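Once you have looked at the hints, place chain B on chain A.
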Amino acid sequence: MTAGVDLSPKAQAIGSDEDVVRVRQLVRTVAVAVKLSLVDQTKLVTAASELARNTLIYGGGGNAEVTVVDDGRRRGVRIVFADSGPGIPDLDLALTDGYTTGGGLGLGLSGARRLVDEFIVETAAGKGTRVTVTKWSR
Amino acid sequence: MERVPVLKIGDILLVSIQIDMSDQTALALQEDLAERIVEIGAHGVVIDITALDIVDSFVGRMLSTIASISKVLDAETVVVGMRPAVAITLVELGLSLNGIRTALNVERGMKLIAASRENDLGHDEEVKDPEPGQAATSA
Chain A
1 MTAGVDLSPK
11 AQAIGSDEDV
21 VRVRQLVRTV
31 AVAVKLSLVD
41 QTKLVTAASE
51 LARNTLIYGG
61 GGNAEVTVVD
71 DGRRRGVRIV
81 FADSGPGIPD
91 LDLALTDGYT
101 TGGGLGLGLS
111 GARRLVDEFI
121 VETAAGKGTR
131 VTVTKWSR
Chain B
1 MERVPVLKIG
11 DILLVSIQID
21 MSDQTALALQ
31 EDLAERIVEI
41 GAHGVVIDIT
51 ALDIVDSFVG
61 RMLSTIASIS
71 KVLDAETVVV
81 GMRPAVAITL
91 VELGLSLNGI
101 RTALNVERGM
111 KLIAASREND
121 LGHDEEVKDP
131 EPGQAATSA
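So the protein lines, in turn, are chains A and B.
Be aware that the first sequence starts at 1, since it is given in the numbering used here, and climbs by one per residue.
Be aware that the second sequence starts at 1, since it is given in the numbering used here, and climbs by one per residue.
In short, the hints are calculated from the structure, not lab data.
Mixed in with the good hints, there may be bad ones.
List time: in silico SDA-like cross-link candidates among lysine to any residue, alpha-carbon distance up to 25 angstroms [what the hints assert, rightly or not]: (1) 35(A) <-> 8(B); (2) 10(A) <-> 65(A); (3) 10(A) <-> 128(A); (4) 71(B) <-> 114(B); (5) 35(A) <-> 50(B); (6) 35(A) <-> 82(B); (7) 35(A) <-> 114(B); (8) 35(A) <-> 88(B); (9) 10(A) <-> 69(A); (10) 8(B) <-> 19(B); (11) 10(A) <-> 23(B); (12) 127(A) <-> 138(A); (13) 35(A) <-> 52(B); (14) 10(A) <-> 53(B); (15) 35(A) <-> 53(B); (16) 71(B) <-> 16(B); (17) 35(A) <-> 16(A); (18) 10(A) <-> 20(B); (19) 71(B) <-> 104(A); (20) 35(A) <-> 85(B); (21) 35(A) <-> 19(B).
Quick caveat: nothing in here was measured; it's all calculated off a predicted structure.
For reference, chain A alone in the conformation it holds in the complex (with noise of 0.2 angstroms):
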């Protein structure tokens, strides 16, 4: 089944607008290898996308790392968004609906989390942010 195709862990840095594009086709061939449907391929891409670019516009930059995870029934797509940026002060407001600091339309952080099966934030006033998000075949 894995035949021909690498599910190595890949990385991509993201330092610029031309990488967020870089990390949405990486995620896309990950999420094609383990065999997403064609709806959570798409749904995956476009939270992958939302949050490359809050990576790069709020943390700075960073890196998405992206790896095949299988519980044993199932595979799926899990990808990390580390930056070393400034923290998310007020986590809970940064997920609500429409709040922005940089301009956008607020709805990056807490569309992507409905997009994906699991979403995990940890972040530190100063430190950085690391969003884990985990899409599973069905």
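Coordinates of chain B only, in the frame set by chain A:
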């Protein structure tokens, strides 16, 4: 930075987005369109997103902004060719694309613009340009 070409068909501008746009490319398209609308006196803009795998909040906002800008410039925007998976994702993301008209494909989008143009002109359809006489009386 890549640029998305803007084509002119009569008084309609057609944009078919064929690349995975960076945010800068999306912003450039927004500005290019505003300029071209004025330059050719366009009455409609058709944006074909058939080739787009995803529409995230940035591109969604770009589409809404283009629709608002073109409205102010007397042109109507129709977004065509959205994939079902993209539509499902957009709704879940929380993006409503307010103010954007949509059609299934380019042909229907162009018809939609033509039809709403006729509606706007209404019974004044004979009057293509303001008559010099009218301008004088209103002055």
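So, going through the hints one by one against the coordinates:
For the given pair, residue 35(A) sits about 40 angstroms from residue 8(B) by alpha-carbon distance, which is inconsistent with the 25 angstroms threshold. Our distance criterion of 25 angstroms between C-alpha atoms is met by residue 10(A) and residue 65(A), whose separation comes to about 6 angstroms. Between residue 10(A) and residue 128(A), the direct Cα distance comes to roughly 21 angstroms. Compliance with the 25 angstroms bound is thereby established for this hinted pair. Pair hint residue 71(B) plus residue 114(B) holds up; C-alpha atoms about 15 angstroms apart against a cutoff of 25 angstroms.
Taking the CA atoms of residue 35(A) and residue 50(B), the gap is about 22 angstroms. The hint holds against a cut of 25 angstroms. Using a Cα cut-off of 25 angstroms, the hinted pair residue 35(A) and residue 82(B) holds, with the two alpha carbons roughly 22 angstroms apart. At roughly 43 angstroms between alpha-carbon atoms, residue 35(A) and residue 114(B) are farther apart than 25 angstroms, so this suggested pair is violated. Note on residue 35(A) and residue 88(B): the hinted pairing holds, with a Cα-Cα distance of about 19 angstroms set against a maximum of 25 angstroms.
Pair hint residue 10(A) plus residue 69(A) holds up; C-alpha atoms about 13 angstroms apart against a cutoff of 25 angstroms. Proximity of residue 8(B) to residue 19(B) is assessed by CA-CA distance (about 19 angstroms); at most 25 angstroms being required, the pair is judged to hold. Annotation: proposed proximity of residue 10(A) to residue 23(B) holds, straight-line Cα distance about 23 angstroms (limit 25 angstroms). For a cut-off of 25 angstroms, the pair hint linking residue 127(A) to residue 138(A) is broken: about 36 angstroms separates their Cα positions.
A hinted pair counts as satisfied when its Cα atoms are at most 25 angstroms apart, and residue 35(A) with residue 52(B) qualifies at roughly 20 angstroms. For the given pair, residue 10(A) sits about 21 angstroms from residue 53(B) by alpha-carbon distance, which is consistent with the 25 angstroms threshold. Annotation: proposed proximity of residue 35(A) to residue 53(B) holds, straight-line Cα distance about 16 angstroms (limit 25 angstroms). Simply put, residue 71(B) and residue 16(B) have alpha-carbon atoms about 20 angstroms apart, close enough for the 25 angstroms limit, and the pair holds.
Distance hint between residue 35(A) and residue 16(A) is unfulfilled; the C-alpha atoms sit about 29 angstroms from each other, more than 25 angstroms. Simply put, residue 10(A) and residue 20(B) have alpha-carbon atoms about 20 angstroms apart, close enough for the 25 angstroms limit, and the pair holds. Among the hinted pairs, residue 71(B) with residue 104(A) is consistent with the structure: their alpha-carbon atoms are about 21 angstroms apart, no more than 25 angstroms. Between the alpha carbons of residue 35(A) and residue 85(B) the distance comes to roughly 15 angstroms, so the proposed pair stays at or under 25 angstroms and holds.
Under the criterion of a C-alpha separation no larger than 25 angstroms, the hint pairing residue 35(A) with residue 19(B) is consistent with the structure, at around 23 angstroms.
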